[in-house]
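By the numbering used here, the letter at position 56 of the sequence shown is numbered 56, and the numbering carries on one by one without gaps.
To be clear, the hints were calculated from the coordinates, so they are not data collected in a lab.
Among the clues, some could well be false.
Result set (DSS-like, lysine-lysine): computed pairs, CA atoms no more than 27 Å apart in a straight line [said to hold, decoys possible]:
1. Lys84 <-> Lys196
2. Lys84 <-> Lys71
3. Lys50 <-> Lys71
4. Lys269 <-> Lys142
5. Lys269 <-> Lys71
6. Lys203 <-> Lys71
7. Lys71 <-> Lys196
Given the structure is predicted, the values throughout are model-derived calculations rather than measurements.
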Amino acid sequence: MLFGVKPEFDRRQFLKAAGVGFVASLLPRAAEAFEQTDVLYASAYQAPDKSFGIALLDDSGALLQHMPLPKRGHDVVYSAAAQKLAVFSRRPGTFAAIMDRTMATPPKLITSPPNRHFYGHGCFSANGKLLFSTENDFDNAKGVIGIYDAASDFKRIGEFSSHGIGPHDTLMLPDGHTMLIANGGIETHPDYGRSKLNISTMKPNLAFVDIRHGTLIERHELPAEFSKLSIRHLAGLSPTQFWFACQNQDSNGGLAPLIGRVQLGEGLKILRLGDEQTASLRGYVGSISANPDTQTIMVTSPKGHVGFEISVVDERIVKTVKSNDICGTAMSATGHITSTGFGQFGTKTHGFHWDNHIEIIQ
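Kindly generate the complete structure, drawing on both the sequences and the hints.
Structure (structure tokens):
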């Protein structure tokens, strides 16, 4: 559809269908599990019948709840203040679904404006009253952060610049008004599907932005030699230290480092693994998680079928996980939990194909 995004689904038709079959998808042991565990996880999935949904699991990976989605979901974000989850559609998707943490009722569906689409990620404000999403202003080739008001049934009330192209992941800093944005640097347009239009000139960056005014606080670009590393995903290790993971767009850059950290006021630092470990990631980190208790991060590569748990103290690999299509990761009591596109989630295996990300609910 020229100069716009064709809606992916009929909202009324989906909600009607979801309402009919929704109760059957809720597993009776979920309420008990909520009382017995301090940690739950949420992840999007594809079912064997090619339908899509979002699931709630316990800390072992056992399935507690699941509900349908109209199309493929990507990342899930959670607000402890609002007790709500939001799942965003994968680029160039146009829907997001918001639900309570128990998934006890059908989701609230919202859509991006006709001249925007989602990138699959977002975050809530500290008080849970606003939902932010990374979006593509594709006709102007720039990234924006959409703002949705929970008090107005998640009506879109505005946007501000991401201060880059191709914003992917984002997270809110503990101060409640500073946002970190991973601008991947890749220009896309829905008229060309998922094609990447500016690889030769891309400039990825990490931007710290004041959400109160949309003003840029700091912007950090990768060194010129790594300009084709698209910064995609973020994980906060402490109130001041944030880790990022990249995907290499240079077919000749097989040993380029894909991981680094950034701190407000201190800039960024690249983490270098050994050549063998870097090569095994195959230029692609699909997800990253951080665990402040163990002082480790976890990076996963579904292309390399490998995950590395890395100590941030001495920047060495402390654990290697080899599993086909491994991608999802989140912190756990002992380190990190992972999931795969072949159904493995923690210690359990399901019939679902898990999507790229896991959200922890505490």
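The hints, checked one at a time:
1. Lys84 <-> Lys196: With Cα atoms ~33 Å apart, Lys84 and Lys196 exceed 27 Å; violated.
2. Lys84 <-> Lys71: Holds. Lys84 to Lys71 sits at ~20 Å (cutoff 27 Å).
3. Lys50 <-> Lys71: holds (10 Å)
4. Lys269 <-> Lys142: holds (26 Å)
5. Lys269 <-> Lys71: violated (37 Å)
6. Lys203 <-> Lys71: violated (31 Å)
7. Lys71 <-> Lys196: Within the cut-off at roughly 22 Å; holds.
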